[in-house]
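Chemist: The lines below spell out each chain.
2 protein chains.
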Amino acid sequence: MAPTAGAISALRPLPLDAVRLEPDGLLGQWQERNAAASLPHCVVRLEESGALENVRRAAGQGDRGFTGMWFADSDVYKTLEAAAWRLSDPAADDRLRDFVAATAALLIKAQQDDGYLNSYFTTVKPDLRWQELDWSHELYCAGHLIQAAVAAARAGAAPELMTVARRLADLLVERFGPGGTDGVCGHPEIETALVELYRETGHRPYLDLARRFVDLRGHGLLGDGRFGPAYFQDHLPVREAGEVTGHAVRQLYLLAGVVDVAVETHDTALLDAARRLWDDAFHTKTHLTGAHGSRHRDEAFGDPYELPPDRAYAETCAAIASLHWNWRMLLATGGHRYADEMERVLYNAVAGATAVDGRHFFYSNPLQVRTGHDGSDEDAPGQRLPWYSCACCPPNLARLMASLHGYVATTDDNGVQIHLYGAGTLRSTVRGADVEVTTRTAYPWSGRIELAVTATTPEPWTLSLRIPSWCDGCTLQVDGDVVAADPTDGYLRLTRSWGTPTAVVLDLPMPARLVAPHPRVDATRGCAALTRGPLVYCLEQTDLSEDVLLEDVRLDASAPVHVDEHAGLPHIPVTLTAGGTVRRPPTPGLYPAYPTTADRDDAPPRTALTAVPYFLWGNRDPGPMRVWIPVDHTG
Amino acid sequence: MAPTAGAISALRPLPLDAVRLEPDGLLGQWQERNAAASLPHCVVRLEESGALENVRRAAGQGDRGFTGMWFADSDVYKTLEAAAWRLSDPAADDRLRDFVAATAALLIKAQQDDGYLNSYFTTVKPDLRWQELDWSHELYCAGHLIQAAVAAARAGAAPELMTVARRLADLLVERFGPGGTDGVCGHPEIETALVELYRETGHRPYLDLARRFVDLRGHGLLGDGRFGPAYFQDHLPVREAGEVTGHAVRQLYLLAGVVDVAVETHDTALLDAARRLWDDAFHTKTHLTGAHGSRHRDEAFGDPYELPPDRAYAETCAAIASLHWNWRMLLATGGHRYADEMERVLYNAVAGATAVDGRHFFYSNPLQVRTGHDGSDEDAPGQRLPWYSCACCPPNLARLMASLHGYVATTDDNGVQIHLYGAGTLRSTVRGADVEVTTRTAYPWSGRIELAVTATTPEPWTLSLRIPSWCDGCTLQVDGDVVAADPTDGYLRLTRSWGTPTAVVLDLPMPARLVAPHPRVDATRGCAALTRGPLVYCLEQTDLSEDVLLEDVRLDASAPVHVDEHAGLPHIPVTLTAGGTVRRPPTPGLYPAYPTTADRDDAPPRTALTAVPYFLWGNRDPGPMRVWIPVDHTG
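Sequence order for the protein chains is A and B.
Position 513 of the first sequence, counting from 1, maps to 513 under the numbering used here, and the rest follow consecutively.
One gets the numbering used here by counting positions in the second sequence from 1 and adding 635 to each.
In short, the hints are calculated from the structure, not lab data.
A couple of the hints might just be wrong.
[To be verified] Incomplete in silico selection of chain A near chain B, CB under 7 Å:
no., residue
1, H296
2, R297
3, D303
4, P304
5, A516
6, P519
7, R525
8, G526
9, P585
10, L590
11, P592
[Stated by the list, open to error] Covered stretches of chain A (in silico footprint by chain B; criterion: 3 or more residues with CB under 8 Å from a CB of chain B, positions within the stretch not fixed):
no., region
12, 282–291
13, 308–320
14, 509–515
15, 548–557
[Unchecked claim] Computed spacing ranges between beta-carbons, pair by pair:
no., chain 1, residue 1, chain 2, residue 2, range
16, A, V548, B, T1222, 30 to 40 Å
17, A, D434, B, D1237, 55 to 65 Å
18, A, A269, B, E1013, 34 to 44 Å
19, B, E1013, A, D182, 26 to 36 Å
20, A, H283, B, D1237, 17 to 27 Å
21, B, D805, A, E132, 42 to 52 Å
Glycine is no exception: its CB is placed at the ideal position from the N, C-alpha and C atoms.
Given only the sequences and the hints, what does the whole structure look like? Please build it.
Modeler: Spelled out as structure tokens, the structure:
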């Protein structure tokens, strides 16, 4: 049965241990790299940056002054959350277990008698507790602590973290709950955290407080700040807002919380508001890579169709937040488009933020870097950096990757739905019967997905397989027989008895595709982008001959694009090869008469263009890159 | 004789009273509006904003706390400078004279015993004087005071201002001169101001200090700040820099000072550095309107060819600074391209910053405003505002407009050069003889320029008339006879005896022209812009029928563009009419397959497109606007 559009909670997440991703697939490789490299790297950097020392100071240990951002506690909590998710794997490193235990012990000491916990305010501004909610990030940090505790609880680790989190949450309920202060945090996060805490504990006041935070937002409690109230999404109540605005991470974290509150309080009007904002975000303000944010000044969404590839802010945390929001929309509605966007943002914006070594990260993820790019500072670095003075992104990546297996599939009363394809095994129950789906696939390098399905019951149930929106002409075999593959609402729904082990082979054809920008997107007019399957491709200067500048390359959109699985580039299993031309600019003048001389040159030199997956760019020689390639209209 | 490329000081400015612009021409109208509306408005706003009150407090009058930006003194000084220029006109309002006298009296009182003068540091941070040069703007404010005093001296007004300025300048020489502190200001301005003071006083230490500030810059004295040392142009000495970088106003003010120092110290190497940076700025980083700055975050130049029309920062002060810099380059070299850029920036970026009422101003001057633009805050307002919390631009416009007559012509040993055409009269001397050139013209609405030339000597001298780079096929008549019009290096040079009054008629044909962006400019690819003479034109939503969005309009580049002098739009003497089509977007999807459905629709509705001068946009109904119009390639 297809989920009903208006339903709340159409799908349910699987338990943490239901899915295991294997390292012979890309998703499993990412998880493994995260465990082996990124997570230990974060732990080291927490120490080096002083973030852990700040907490020690609040715990009465050490006397170094506060260092780093005033919300650096959140780096600790996000790393703690990532470690907790990882601890659910028996193969987790003992040092990680030690880190969690030691940090939990530290937090117990740093927590004040009344439950308050924030190393910056405790040690630097004790008199201003709760007085600067617009920029203080106190509730934001509290939210990340709560998320860490929820993760630990689900992973069966460090139960003392839940005690710390609940003491803090109880303080929040007392202070900000009904009858308490009317206040909201300048940076959303507490909303979704409180709902998760409610789910874990069943304690209703947490949910009520989350709902209160959602409802109080949009009434000007935060003031104008530096960028106006829309920056904080405090200009309009979310139920009335028609557009995503302001700081992209704030907006997207808020919307994750909004859906959580809507689902748990059965508030269809609130979910409708989220749907409306989703339409605005994904129809007018999303980069091809799934990234969000078009302005560096306030790390913000821009106007509709303002999608500059070069100055895309496209913050890593916003990409993660988009995945979180879409996941919640998917659970609430079952709509395939949310899973499509999860896939897009995961394989492009999120994946591209981490270097192949797992120890260097992007904060901003532009779709173009020019020759002569001033990439020396943290605003838009030309290559991934090991850490940032505002280090929100690296540990955010760590917590997402450590919990990635939780996002690939869901369940409902009728069966199991697979949304993201990765090699691994899913074990769940459907109406009391054990079911198991083992997936073998080289996705996204190949569109062939082999599933072995079995169940402890002959009762029929439905295995739903997402057919990505980019896919035309998928084919299906069941036990070797070709069967009709007609997706409904974005899913192939196979309803049958799986009592006998069954081999299902889904084939998603993955030719190279050219996509165009919407005609209202000014910044990429006259360009096309190369994609294959869920992957956006890009050109890098390093793949061009030395005498050709990336700026002067044009795409011959009429030439076939070849898929090459044997290009032999390091870390890059599949490249695309397109036809192109080189249009050397005629004069130094910026504004020649129309048409330009370059347009009139009808025999430009031809060149083969090698495109690599966007998420792997910048892993060889750092240099110019572009996703959107100008099309040679006369070529 | 054409000026030699390597010469220093090829041309000389005329005395302040040499040129009088008449209000039957546009330049004269701007000056009149400035005197009647903008300048009195600035005086009122100085009071309302507290900027004058700050100075009163420093003078021991009143006890209100400091309000506004810490560099608000500069608003006072710039208004004072504007008023001083205006006082050179006998028709100046007595209230303006009173303002200058009262403000000068106030500054005498506010100045400290040792000559220090800065109301913020005196009243708020007395212990930090000169300690925060990176952001303090102390030397910047000092520079504007000096500029005001120089203006007053040249206008023969308020000589006590020169005393105040010299006391402060002498303190700077003592503190920062040879043997003193190595320091530079985070915001250049003092450099050009000190050279001007040297020119006015002949006191060499002022020039030496200006040179020292130029030479000390680029050695990291300012630290990293928030945006890195390139923001302040402190990453490389100007003699080594190959690119304009960072905050555009800072960079351009610095370069004005650099040329001043180069000219007065006969430093050709330093002038070469300015030439090199000019090439970078004007070949890769200048908007079609002559504006500079592509990034809002740090109000900065972007990478080469990063020229977004929508997020053009294009600060009004940067446009003014470009005019100042180009003027100095013109004087130093005689090169026509500098006068071309003066004209471009004056008639577009500078002129557009002021509303027709003279009392509303843009801070940022984008080349596109979208439907749905979030124009509510000061960052990129959708319409001109009466004042800004950082109010640098309005009084900067006032001082430029009040001194505009000083920029239209120059002299050298051989004659007189006219660079900007405005109705009015020029009186000067050439080799001891009086010469007079009276200009009648409706420029830029018409390209016909009628000059009446006379001299008190039969000795031949050269009248040079700039032929703008946009002009093809100019014609010339002398006393009714058509004569050959062959410009050399951008100027028609008429060498003859002018002892008998002579009628010269120069005709610069002004058809509508389509210009293209350089092929490396990504943000406006596939677009053309309409221009006529020096004016850039734009489309406004208000001129489209209600059911057509500006975003969906396409230009038919093959259709003729008509010049209409009778469109009857308020304030707009000449409109252009082009052929266009309407391409309604096919689907809500942001990234359809290439080519888009819109491209395939071969019979889009046609529409006539009315274009208005960019500098007059936003004077009717506020709404979307665009300079660069997508070309319908299939239309």
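Chemist: For each hint, tell me whether it holds in the structure or not.
Modeler: Outcome of the hint check:
1. H296: Check passed: Cβ of A:H296 comes within 4 Å of chain B, closer than 7 Å.
2. R297: Holds - the Cβ of A:R297 comes within 7 Å of chain B, reaching about 4 Å at its closest.
3. D303: Hint holds; A:D303 Cβ to chain B Cβ min 5 Å, cut 7 Å.
4. P304: Because about 5 Å separates A:P304 from the closest Cβ in chain B, which is inside the 7 Å limit, the hint holds.
5. A516: This hint holds: A:A516 lies near chain B, its Cβ roughly 4 Å from the closest one there, short of 7 Å.
6. P519: 5 Å, holds
7. R525: 4 Å, holds
8. G526: Holds - the Cβ of A:G526 comes within 7 Å of chain B, reaching about 4 Å at its closest.
9. P585: 5 Å, holds
10. L590: Interface hint status for A:L590: holds (5 Å vs cutoff 7 Å).
11. P592: 6 Å, holds
12. 282–291: It holds: at least three residues are needed, and the region 282–291 of chain A offers 5 whose Cβ sits within less than 8 Å of chain B.
13. 308–320: With 4 residues closer than 8 Å to chain B, the region 308–320 of chain A meets the three-residue bar; holds.
14. 509–515: Holds, because 3 residues of the region 509–515 of chain A bring their Cβ atoms closer than 8 Å to Cβ atoms of chain B.
15. 548–557: holds (count 3)
16. A:V548 <-> B:T1222: 30 to 40 Å: 35 Å, holds
17. A:D434 <-> B:D1237: 55 to 65 Å: Given range 55 to 65 Å: holds, Cβ gap about 59 Å.
18. A:A269 <-> B:E1013: 34 to 44 Å: 35 Å, holds
19. B:E1013 <-> A:D182: 26 to 36 Å: 28 Å, holds
20. A:H283 <-> B:D1237: 17 to 27 Å: Between A:H283 and B:D1237, where Cβ atoms are some 26 Å apart, the hint holds.
21. B:D805 <-> A:E132: 42 to 52 Å: 45 Å, holds
Of the hints listed earlier, there is not a single one the structure fails to meet.
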